[in-house]
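Trainee: Below are the chains, spelled out letter by letter.
There are 2 protein chains.
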Amino acid sequence: MALYYGVSLFALLNFLVGVLSFPTMEQGSTCGYESCNKEKPGMINVHLIPHTHDDVGWIITVDQYYYKQVQWILDGVVAELKADPSKRFIYVEQAFFTRWYDEQDEATRNDVKMLVNEGRLEFILGGWSMNDEAATHYTAIIDNHKIGFEFLRQTFGECGRPRIGWQIDPFGHSREQASIFAQFGFDGLFFGRLDYQDKEQREKDKTMEFVWEASPNNLGSKANLFTGVLPNFYNPPRDFCFDISCFSFNPMIKDNPKLHDYNVDEMVDLFINTTNDQAKAYRTKHLIMTMGSDFNYVQAHMFFKEMDKLIKYVNARQSKGSNINLLYSTPSCYLKKLNEDDLVWTTKQDDFFPYADRPHTFWTGYFTSRPALKFFSRTINSFFQSVKQMGAWANAAKNETIQKELHHLGAVVGVSEHHDAITGTSKQAVAFDYAQRLSEGITSGKVVIQNYYDYLMPDYHSTSAPEQVICENLNSSICSVTESGNKIFQVNLYNPLARPVQYVVRVPVTGSSYAVYTPNATVQSDTFPLSDETKGLIPKSSQRATYELVFTASVPAVGYTSYFVERTSNKESASREAKRSDDTVLQGKYVSVKFSSDGQMASLSSSASNAEVPLQQSFLYYPAHGGECVSDDTKQPSGAYIFRPVDNSHVKIGITKWEGTYKGKIVQEARQKFGDWASQVVRVYQDKPYVEVEWTVGPIPIEDGIGKEVVTRYSIPNFGNNGVFYTDSNGREILERRLNYRPTWKLNQTEPVAGNFFPVNAMIGIKSTKSDLDFTVLTDRSHGGSSLNDGDVEIMLHRRLLYDDCKGVGEALNETAYGRGLIVRGKHYLLLNKISQAARQYRPLAQEVFLRPQITFSSEQLSRDAYFQMYKSSVSSLYQQFPSNIHLLTLEAVPGEPVVPSPPGTTPYLLRLEHFYESGEDAALSKPVTVDLEKLLYSYPIRGIHELALGANILASDVHRLSWKTKNDKPAKDQAKPLQFEGMNTLVTLGPMEILTLQVDIVSNRRS
Amino acid sequence: MALYYGVSLFALLNFLVGVLSFPTMEQGSTCGYESCNKEKPGMINVHLIPHTHDDVGWIITVDQYYYKQVQWILDGVVAELKADPSKRFIYVEQAFFTRWYDEQDEATRNDVKMLVNEGRLEFILGGWSMNDEAATHYTAIIDNHKIGFEFLRQTFGECGRPRIGWQIDPFGHSREQASIFAQFGFDGLFFGRLDYQDKEQREKDKTMEFVWEASPNNLGSKANLFTGVLPNFYNPPRDFCFDISCFSFNPMIKDNPKLHDYNVDEMVDLFINTTNDQAKAYRTKHLIMTMGSDFNYVQAHMFFKEMDKLIKYVNARQSKGSNINLLYSTPSCYLKKLNEDDLVWTTKQDDFFPYADRPHTFWTGYFTSRPALKFFSRTINSFFQSVKQMGAWANAAKNETIQKELHHLGAVVGVSEHHDAITGTSKQAVAFDYAQRLSEGITSGKVVIQNYYDYLMPDYHSTSAPEQVICENLNSSICSVTESGNKIFQVNLYNPLARPVQYVVRVPVTGSSYAVYTPNATVQSDTFPLSDETKGLIPKSSQRATYELVFTASVPAVGYTSYFVERTSNKESASREAKRSDDTVLQGKYVSVKFSSDGQMASLSSSASNAEVPLQQSFLYYPAHGGECVSDDTKQPSGAYIFRPVDNSHVKIGITKWEGTYKGKIVQEARQKFGDWASQVVRVYQDKPYVEVEWTVGPIPIEDGIGKEVVTRYSIPNFGNNGVFYTDSNGREILERRLNYRPTWKLNQTEPVAGNFFPVNAMIGIKSTKSDLDFTVLTDRSHGGSSLNDGDVEIMLHRRLLYDDCKGVGEALNETAYGRGLIVRGKHYLLLNKISQAARQYRPLAQEVFLRPQITFSSEQLSRDAYFQMYKSSVSSLYQQFPSNIHLLTLEAVPGEPVVPSPPGTTPYLLRLEHFYESGEDAALSKPVTVDLEKLLYSYPIRGIHELALGANILASDVHRLSWKTKNDKPAKDQAKPLQFEGMNTLVTLGPMEILTLQVDIVSNRRS
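Line by line, the protein sequences give chains A and B. Take 1 as the starting number for the first sequence in the UniProt record's numbering and just add one per residue. Take 1 as the starting number for the second sequence in the UniProt record's numbering and just add one per residue.
Since the hints were derived computationally from the structure, they do not count as laboratory data. Certain hints may be false.
No distinction is drawn between identical chains; accordingly, a pair holds when it is met within one copy or between any pair of copies.
[What the hints assert, rightly or not] Dumping the calculated DSSO-like pairs for lysine-lysine here, alpha-carbon to alpha-carbon at most 27 Å:
no., residue 1, residue 2
1, Lys258, Lys398
2, Lys487, Lys652
3, Lys285, Lys834
4, Lys113, Lys305
5, Lys258, Lys113
6, Lys254, Lys427
Just so we're clear, the structure is a prediction, and the values are computed from it rather than from any experiment.
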């Protein structure tokens, strides 16, 4: 019985018969730029963009929106488009479109296909949701679009492929999002929200449109994206909203001279003035006007009929000398006209965070709002990455059930990335619905996982695996299997990384003495008594666990290991119970933390840095600003979106109890209590290079009538980072941040705290200019973070507020559970390094934090020997480890028809490899690296390899992006040449931060 | 030059070529009862009635509603009907439908015709507006429908003919309205509002549906009408409003099991419960549910798609034993099924006034609200009656301009009769729009009047008449022509009555000495100095008149007289200026009024009664109840709809100034002043049998924070009317009223004042049981009125309020003008008679009050002789006076094709003759009377006479109303046999209150 039993990659599948029909671009299709309505040369051509912005949940849930609004929008728009070939409409959110399309009859579907083929209905963005950019992980952004693209490709073919990024509502814009869009093959990006000062400057400078160099040091022009700031958020010009939601206050075009209130001349004058005003802020004679807004077009006929009138009467004015011409258009048609002007555009290298729409109104609260939901979303996104892999091993392409469950899980992730979901800016009831969906996603994933283990685990005498149970609440030390009183249970871990991991498992148990076994060894383990704080997380009546069993699991690359756990009194094999001591030092092989006598963190040393620094940590809160919804910005309250401290001062939550240290063989921990409602466990592992800090905050008290925004502040006095700190962009590239500074305009800072917060998706760090030290904190979810003082790293953990912040949600962010304010727990990972060595710790650690093994439990009541006879204890599906700077970003089966038809007898897979270092980050690991796909993808023969765009919906060689000249006179069009895999050439080279997206056709086979 | 120059009736016209096409019922049409969707036998069949209730102005104006809502409703409904033959829709308000139809292209019009021909779109009611029933005159009700019917008949033929009365929203229901509907040939009437106590009783007794005997003493079964009270006002059942206006709070049918919130079973259960509840209040297994409400179906697709689901899922429940079956239906289809059940129905003889929807909430305020608008509307309605006649004389049928102007004027009248227009229950801005429209109606009428005079007036050397000027503000003593300083002007009066009148003209002038001439005589005249109160009506800067010139004009039947007026110092011919005296008696030939020494009215005597009674008059006000819009009915405020005194006590406005008497030869008047803001002029004419009381009320003060409802109370102590009084129904039949009593249910009176107010359209009276005396007050407009104490006749004149009354208008009724509270002036006519002689005074007087001559002015600066040489001084178009109990109700040209094609060489006219006495009202005049049409309609030959239904849209002989058995076992179907005019038989007999509607085809000719 082999511990590591090599199961060959892709050795699983037969040729797949596509269950969905796969239209290619039809003959005679006129979609794309050719289908655009014509401009009138020499005039100011106003591109009216009929569109609807359909939030995938916000005030009501996604399904409620579908029923209440979206179905009517799509029913009506399709009817209107059908009736008039000049009309255009764009649709964005595939979470909604697929719901609708699913309910249509064949005739309507054919109508829609006709409209898409003729460019009259155009899909823009194409994501499942319009994802948030501040709190999302890049994997989720890619998947959110990929699932939408997949539907569009399989349903509509090339005419359904989105070519434009359309982030009209998200509250600030990340550079990574732009980079991803560029790599999707998008020709441009439009958005609505940017700092009001930035916008004013851009309007003045006519730089509302520019080329965003979204990966300036790594990907080059491959990540450049033409970007346009929309003139009026994403709304119609004032007085020209013709939606039914506007009709109680907006004038209609009243063109019957027989009736009272005839207003055609007045409306035309008004529109012409509006147009001329807008033209002042833009460079060309093409203007874009977004004719729609949130859930507009519920009465599509109304909006279109009024626009028909507008076009008719404004254009009729041309006979009196007007040079303004209106046409129905789409963002891509507008973009094409801009492109044809062949101008030289300015560039931008940083991002659009933070966003303020007026003084004192910084949208930096949502970086942290609903931290539990943010964690849940991140967790399920991680889960999805693993489950997709497991589905591939379990022959997903053949198995409709697995496909359905994977699709459902992907849809759940897509919904949760929506810019009112993961942001925490929905109503509470909707947040509950998101959580319910994520939970339903686990149920879907569980089916796949079970299939995976059924496929891979059985050995002698077994045909299926034990039932795998997922314990969602391990971080509250709850797990039905391990707390049930079972003497025996199994812990199974799936590692999605392309290298083996040593993962420290924590399992809630009901005693202090357990033994953990592999088939032929006892694994060292500790037991730690549950702290009062952990016990306090759930009602007493639900509490069963008394200890946590801790052991280090060795899990192979892209594979699993099963551990057998038995309650035992055998002192030799049993876990050792860690006992409380007053010792104030935690010491591992690589790091050490010391505490002061009152229990506060005092110093951190690491072998990698060869230094000890006086690290302090404290919990603080900012009393939140109240206020009211008025035009006076000084009254702006803090709320779900907005972070606004009452006066920029903070209150320190003093340490109230030093609960001592507990030292096991694997890990040592110190327990601290702060005030009545915050606590912390600091852990140093024997074999890990980081300090783990598990913070627990809540219930935040509000009895004093004051909302509170709680941060943890790590502080190294006299560090010397000079107001500079670093945050990641969606978990990938890192941006430099400076206090009270924006790279592209002169900031007039109105909020010295809130205006310096930035999104922290995975890490935040500072570098010393004095000592060559890098201090980086990795997080398990997104937060807002900053460095307000020298040597500080400050991360907002939790918020409980009493005012709505006037941005539409209409509720104060006041989360509760079990009848009290919500308690939130999370983890930080502290790394102290030499600057030059930092990346080689934080890059892989960030992956391990995000893609931690998926743990399932079983409770086969067999002897250890019997268990390991029936079931393989460990399987790796990888033949060899990847180079240490290459990440297996994606491995999944392709449902339906692949982009390129697979040769007979092969099965197509989607594979993404990622070089996960930035250039210059590490002397060795930032270098380009060449891998041989054939060697990685052992052992069944590859019959085809095709490079795809990042969205996996088009061959890379079929992407022909528009090219744009930039100010620096560097042509921005030199996009990387797509790889061509011909003959047996399976070597590829990846540069820093490069992602290679491949369709790989593998010879199909039944299970090995 | 003849004073009375007989111009023959109808002697004016050539054969008319119809300008509108006139479809008859098309072959293969399936409209009518045959087009109904089929019920499922044996089940409870629920007739879903998709409908929209489109107020012809209320919160916004009629044209604003057209643009904002109605166009979308009709656009969308037509599209939905077209797509599915099972769907039905009814449309009601022709003021809107015609606006919409006018804008449609030929293809859409053909679609609509198809839908109408197949009974899928059905016109119900068919009025221009859904007229109010409390404040409207019967002539306006008839015209309001006739103009709608005319459009429908000419556009859609028989399939467009409405067969159902649909008064779903008006706030109480008059018996005359029902009678008129029956005479239109309607098969039934449905409405939504009746007293809550009445409704409760009817639900208990299952008498929600019954036969209304709407003219129990006069017209017999011809006026009987099957009447149904709708279950839920006119709304859908709770939770089943699928309109876009409901969608924020109402559940949708969520039938996709893949989405959250699936609720089909729940919704079906709920609907079945609703149905079973409703069934308890009705007798049959047919149920009606109104699926619509105010301006519903702006998103028609939404409402229909949800109803499709409702029908599908509720009917699917039949497979599990449900006996409930849903179908799309119309009121007529529902009615037909009721009729087929052939049950015996209860009857009702009284009316549905007043309406209370809960305790303390009597909708009796609107009987008086906006008294100036009520007067304006009544005035323009009267104007329309005259102008239609004048158009007929001026060859309207040939003249497109006249047709257009007449149509416009008719449309204006139709709009103003709407149940939020004349009721005074619109917002102020909308009330201004109604007034503007009425004013535009005058402009239209003026064109017709000018044509009339151009046609008839020229004599030697003239080809057209002088320009006729209308002075709209004569009751404020304003008239540009007569105040302009012209030494010479002419006063022209058109009398629409079929008998000559002696009309006392009052003309504002700038001096005290004028002479009034006919061609060969000087007419006696008085001048009266303008009172301070009259001067106070308008700002000082606009004041020019100082006197009123008064003379008695003799105007022939259906004709005009022109008077020549000249400022003169010739004492012999000049008017005599009436001077103030302290005399306290006004004495005419027939009546006399005495005043007490402090100036209060003290007694009234009349020769007709041969009695003198101690008549007192006082102004009072009821302090209005404030409150708030809550479910607690004791908090109900008084407002535009609701009359609610604060505690049922009143405040008397004491007389403050006796301004003495002014006596001319024609009229004597006494002037009184009450408090700071009420005054009165009491007039006794030398030759008139009534006392005229001109009241002026306002600005009602509100500085004390108390709204006020001002009444005038005429009081004859110890009169002995025993709590009984009489009010007219829309100016025609008279109903008996009793204090705190309803004829058909036991009243629990919650408002002893407001709950005893009834509509007074034209008259209110009391009869003494002691002395055989009748005291009747005629009014110039509609009011609320009552008799709260013995001998009282109380009429509410004006209201100024500070609270909205929570019925939707959202404004307090607080009218202002010239920066102060509105001043309103009006007239009452008091008659004291023996009971048996009363009708012969009040019936003709009521006609004279309503159809007073239309006065126009000209200012030809010619000598009297020259003027009367160029222009005929008087013309009558009637050959002989009508019998004194027959009224020329209507004479108008028929635009387009008549109901029966006219023989070549003839012109069709619409003629209505009315016997205007009730049976038993007068010993002689109540008798049937026979007239020879040929003799009346001298002198051109009649080629055809056809009796039409009252609405003039169908031959009487083609009307086949459904017959209904009534409780008394008298079959209700014996409707009068239509008259047949064959050969030269032109004799017709009219019984009491009978209206004969005729198409008369007269040999055409050019002017005589």
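Trainee: Would you mind marking each hint as holding or not holding in the structure?
Mentor: Hint check:
no.: 1; hint: Lys258 to Lys398; in the structure: between (67 Å within a copy, 23 Å between copies)
no.: 2; hint: Lys487 to Lys652; in the structure: neither (45 Å within a copy, 95 Å between copies)
no.: 3; hint: Lys285 to Lys834; in the structure: neither (53 Å within a copy, 88 Å between copies)
no.: 4; hint: Lys113 to Lys305; in the structure: both (23 Å within a copy, 23 Å between copies)
no.: 5; hint: Lys258 to Lys113; in the structure: between (42 Å within a copy, 24 Å between copies)
no.: 6; hint: Lys254 to Lys427; in the structure: between (38 Å within a copy, 21 Å between copies)
The structure is inconsistent with the numbered hints 2 and 3, although it conforms to all the rest.
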